[in-house]
Amino acid sequence: MPTTHFSLDIRKLDNFAYDMSKCIKCKGCYWVEHTYMPGVRFSTRCPSNTWNDFDAYGAFGKMRIGMAIMEGKLKWTPKLLEIIYADPLCGACDVGCKRNLDLEIGLSLEAMRVKAVQDGAGPMPAHKKVAQNIAKHHNQFGAPHENRKKWLSADLKVADKADLLYFAGCQASYVTPEIAKAAAKVLNASNTPFMLMPDEWCCGNTLFSVGMLDEARDLARRNIEAVKATGAKTVLLTCAEGYRMWKVDYPKLLNIATTDLGFNVVHLVEFADEAIKKGSLKLSKSVDVRLAYHDACGISRLADPWTPYSGERGWMGTVNPRLKRRRGTHGLYAQPRNILAAIPGVTFVEMPRTRENSFCCGAGRGTKEAFPELASFSAKHRLEEVREVGAEALVSACPWCKSNFSQAVREQGDTIKVMDIAELISASVGP
Amino acid sequence: MGIAKRAYNALESIVGQKYITDDPAVCEGYRCGPGCYESGLGYERVMTKIPAAVILPRSTEEVQRIVKICNRYSVPYVPYSTGFYGPRSHCHVDNELLIDMKRLNDFEIDEKHMYAVVGTGVIYSPLQEEAMKRGMYVIIGGGGAQASVVANLIGDGWSPLSHRIGLPHRRILGTELVLPDGELVKMGSLAVGEDPFWGDGPGPDLRGLLRGFTGLRGCLGIVTKMAVKLLPFQPEKLMPTGIAPNTALALPQNRMKWINYQVPSKAAQIKAMFEIGKAEIAGAVTKVPLFWRAIAKAECKEEFWDIWGKENEDTIKNFHLVRVLLIGFTSEEQMKYDENVLNDIMAELGSKPRPTKPSDESWIKNADSAGMWLMCGSYTSVDYIIETLSHATQHGEFYADLKKKYTPPLMPDYGDPGWFQSFELGHQGYSEFLVYWDPDEDTTGVDHFYVETSKMNIKNRFYTSLLGPHQPLYLTGPKYGPNYHEWLLKIKDEFDPLWVCHPPVPLAHDVFVERSEWMKSIKDWEVPKKFPMPKWE
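Line by line, the protein sequences give chains A and B.
1 is the number of the first residue of the first sequence in the numbering used here; add one for each residue after it.
1001 is the number of the first residue of the second sequence in the numbering used here; add one for each residue after it.
Pulled out of the complex, with its shape left as it was, chain A reads as follows:
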């Protein structure tokens, strides 16, 4: 039986020809998995295809379109670029497919964007502006680089040297500094020394996500070297997008395993959950609020560690050597819920769609920049669930989620309070 060589390298779209060609339109990528199906309301988990009903906007349509791109049957047009880029790449489709079919849907979607860039068609103009900002100011908003650590107030203790390095990221540094402050306060409260990167730059999430791999790889190398130069053993993030970038996509870009990074990558929820269990972080102050928790994609279904793969595909599509599929099972689902359960006064209610079935806020991976209407739609759709369960507050673990949900709440004139889990933990550790 002849075999075909392939790898999980997203620089070549035809590495995913098998995955794209074996999609059967079961639409497990679009609907909430049947086990957790909450009913007729809130029954979908794909922001893109909920926003635009044509099949082309669902992963099942995109797999067919990807095949046509690979075979040179489709020309790049504004509509085709919209189909490829109006998508937060939230991973809902990937975990949905891997319940039954194990196709690499997420990687196929990433490879399509890389192909768009390789062909000179992508990314979108708004993404090119982000790339310019990063090149010039080392952050994606074009804000002055010297303001990056403005969030750091005098009351926060930062070590010159420590095993733990907190990487705040662009969003928390410039847009939602309260998250960075809260994280620092939590670390201080647990008596955990931490340092910052001497000269923090953008993680490159948007560049990677829109297919600008060369630019993203340069940042990955630069940032990894910068961490190694500090001697830090662990990089801690409060940004789910950044967490995914450091843990999964830096190794992907450099063709190494997550375990080969040379340091650990953790999110604040992992750290805090562990610290609460060990007793080093005490949550004593009551926070009287009825809240819902939104699983940010980057720390949930997209968070499985990366291992490079290259092998042969043969009879019946079996692969050799064995491939350990990334199915979103190692996401940080329990940790934030443990934390919320430990905060006095908090009444935690689950929304109809949770964990791997969550409905993305719609902001990430270049979506809010190029398709703000999709990001707004997605956030407002998710907020309906918050109202459905009667929560006063919506808590997430990513500044992108907070920023996008906050904007949607403002636009709707609602009273739902949007918070990051760092702020909530911080509120419970005292003044």
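Read the hints as simulated data drawn from the structure, not as lab findings.
Each residue gets a CB set at the ideal place from its N, CA and C atoms; glycine is no exception.
Hints may contain errors.
Claimed, not checked - Okay, the calculated bits of chain B under chain A, using three or more residues with CB under 8 angstroms as the criterion:
hint	stretch
1	1015-1023
2	1135-1147
3	1232-1244
4	1296-1302
To be verified - Okay, derived cross-link-like pairs now, PhoX-like style, lysine-lysine, Cα gap no bigger than 20 angstroms in a straight line:
hint	chain 1	residue 1	chain 2	residue 2
5	B	K1352	B	K1266
6	B	K1049	A	K75
7	B	K1405	B	K1520
8	B	K1297	A	K324
9	A	K75	A	K12
10	B	K1049	B	K1535
11	A	K181	A	K161
12	B	K1237	B	K1336
13	B	K1018	B	K1005
14	A	K73	B	K1049
15	A	K79	B	K1018
16	B	K1278	B	K1266
To be verified - Computed from the model, here is a short list of chain B residues facing chain A with C-beta under 7 angstroms:
hint	residue
17	G1029
18	P1034
19	G1035
20	C1036
21	F1084
22	T1247
23	L1249
24	A1370
25	W1373
26	G1377
27	D1438
Using the hints provided, position chain B relative to the given structure of chain A.
Frame of chain A, contents of chain B only:
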């Protein structure tokens, strides 16, 4: 060439610019394959086309107006609910309009009178969840959790739970059908009022137009709304557990329990199903293909082959299971009574219970259809029959024999006689034969096997349900009737004189055989020089 501009503009005026497109990229997203039901087979390659345009109506009235315009401008069209049914539910001719029904997703439930009214875009698992929240349940089966309720009920729509809940045509109540020319037919009690509570209406029962035994795959109109009967269930919640892919519904063991029994022989298997039916116990009674057990155990495709590769003809021939779902519909006491009766029956037959998970992964809110593609990347059910229990089981054995001749390219299954179960408390026996192959190999043998199954059914007098839409009508029609084909074509001509509605169904498989050189060697039946239908290419 596409759809004529005047026709397109008229269609756009119905739904607005946002819900119609002829953009090549968007239309490409509606390509059938290559992955699909009947993945990579000749029928998919030869008979499916990318739509020239796609339209998404929101209401029955919009569907009527769309269909009338299609008739006025001779635009062929196909109704499309979720597209999961593979090539049979996609465009077959050039310049065709695909009517995507997903926006017809209205849902109402009448708890008191126990029915739900669904639009074509409503799928199975939300309906089941809404029913169970209210102490009721339904079976849509067939395509599974993500398949359209309406499409499944007018097509197949059964599952192991049909042991008690029965066949789908008994659960179709008031229904709206837009005929191929755009006229609206209201069936059942909807014919005389606004309440769809009852399936029978005045005059002839037009539900036969929808589905007959099984459906005609959209070639006789478009169902836009259907009331579906719900039945009483046990009251306790089935708790979702686990993270994908290892998710399941935890069953309340005092009210629901799957039990697998190993039985000593094929005869004992059939006898067990008869006796369980006679005792009027259990919610589901089935014997599934044995490789499904390997799917359930395997963590990945490669592990499946590790597990299944250890089997052989002897291990399969001598391993007989009966899988029973007990449901305490009325009380815990009833559940205990059922279990005692079941244990008595199985003990008398020399059967032993085997360890069984206290959960359900596949049947309550799902028919785990998508998992069928894991092993090979392809799957289709070539045939299913509903007969007596004893006759149905022979069907599977004949199939297994025929299959040996076509393995490879079919997957080795070591003579497993397929899926076999009791319907309607043992009054009917169900046999379904599922096949799998490597879609990246030469699939000519699978195309041949498909048609040879019809010949086998005719020869051995099995009543297949896939007559018109899945097999050459001129092969099956003269044998099942003897003029079944003529009758069906007259119905088609009467209701769709232009054949605008999903052409060339119900002659599509005939056309496929005529167009495909590799099918000529097995074509030994008569066909007219010209098929009696308008030519669309």
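We went through each hint and held it up to the structure:
1. For the stretch 1015-1023 of chain B, the assignment as covered by chain A holds, since 3 residues bring a beta-carbon within under 8 angstroms of that chain's beta-carbons and 3 suffice.
2. A count of 3 residues in the stretch 1135-1147 of chain B with a Cβ less than 8 angstroms from any Cβ of chain A is obtained; the coverage claim is therefore met, three being the minimum.
3. Only residues whose beta carbon comes within less than 8 angstroms of a beta carbon in chain A count, and the stretch 1232-1244 of chain B has 5; three or more means the coverage holds.
4. A count of 3 residues in the stretch 1296-1302 of chain B with a Cβ less than 8 angstroms from any Cβ of chain A is obtained; the coverage claim is therefore met, three being the minimum.
5. Distance restraint check for B:K1352 and B:K1266: the Cα-Cα separation of roughly 14 angstroms lies within the 20 angstroms cut-off, and the hinted pair is therefore satisfied.
6. Among the hinted pairs, B:K1049 with A:K75 is consistent with the structure: their alpha-carbon atoms are about 19 angstroms apart, no more than 20 angstroms.
7. This hinted pair checks out: B:K1405 and B:K1520 have alpha carbons roughly 18 angstroms apart, not beyond 20 angstroms.
8. Only pairs whose Cα atoms come within 20 angstroms are accepted, and B:K1297 paired with A:K324 is accepted, the gap being roughly 16 angstroms.
9. Taking the CA atoms of A:K75 and A:K12, the gap is about 18 angstroms. The hint holds against a cut of 20 angstroms.
10. Between B:K1049 and B:K1535 the CA atoms are separated by roughly 16 angstroms; this keeps the pair inside 20 angstroms, and the hint holds.
11. In summary, the hint linking A:K181 to A:K161 is supported, as the alpha carbons are separated by about 19 angstroms, within the 20 angstroms threshold.
12. Annotation: proposed proximity of B:K1237 to B:K1336 holds, straight-line Cα distance about 19 angstroms (limit 20 angstroms).
13. Between B:K1018 and B:K1005, the direct Cα distance comes to roughly 17 angstroms. Compliance with the 20 angstroms bound is thereby established for this hinted pair.
14. With a CA separation close to 14 angstroms, the supplied pair A:K73 and B:K1049 stays within the 20 angstroms bound.
15. The suggested pairing of A:K79 with B:K1018 holds, with an alpha-carbon distance near 13 angstroms, which does not exceed 20 angstroms.
16. Proximity of B:K1278 to B:K1266 is assessed by CA-CA distance (about 19 angstroms); at most 20 angstroms being required, the pair is judged to hold.
17. At a threshold of 7 angstroms, the smallest CB-CB gap from B:G1029 to chain A is about 3 angstroms, leaving the interface hint in force.
18. Checking B:P1034 against chain A: minimum C-beta separation of about 5 angstroms stays under 7 angstroms; hint holds.
19. Because the smallest distance between the Cβ of B:G1035 and any Cβ of chain A comes to about 4 angstroms, under 7 angstroms, the interface hint for this residue holds.
20. Restraint check, B:C1036 versus chain A: the minimum CB separation of about 5 angstroms is within 7 angstroms; hint holds.
21. A cut of 7 angstroms between beta carbons decides the hint on B:F1084: the least distance to chain A is about 5 angstroms, and the hint holds.
22. Restraint check, B:T1247 versus chain A: the minimum CB separation of about 4 angstroms is within 7 angstroms; hint holds.
23. A distance limit of 7 angstroms between C-beta atoms decides the matter here; for B:L1249 the minimum to chain A is near 6 angstroms, and the interface restraint holds.
24. Given the 7 angstroms rule on beta carbons, the hint for B:A1370 holds: about 4 angstroms separates it from the nearest Cβ of chain A.
25. Annotation: B:W1373 was flagged as interfacial toward chain A, and the flag holds, the nearest CB pair being 6 angstroms apart, inside 7 angstroms.
26. Nearest Cβ of chain A to the Cβ of B:G1377: about 5 angstroms, under the 7 angstroms cut. The hint holds.
27. At its closest, the beta carbon of B:D1438 sits 5 angstroms from a beta carbon of chain A; the interface hint therefore holds under the 7 angstroms criterion.
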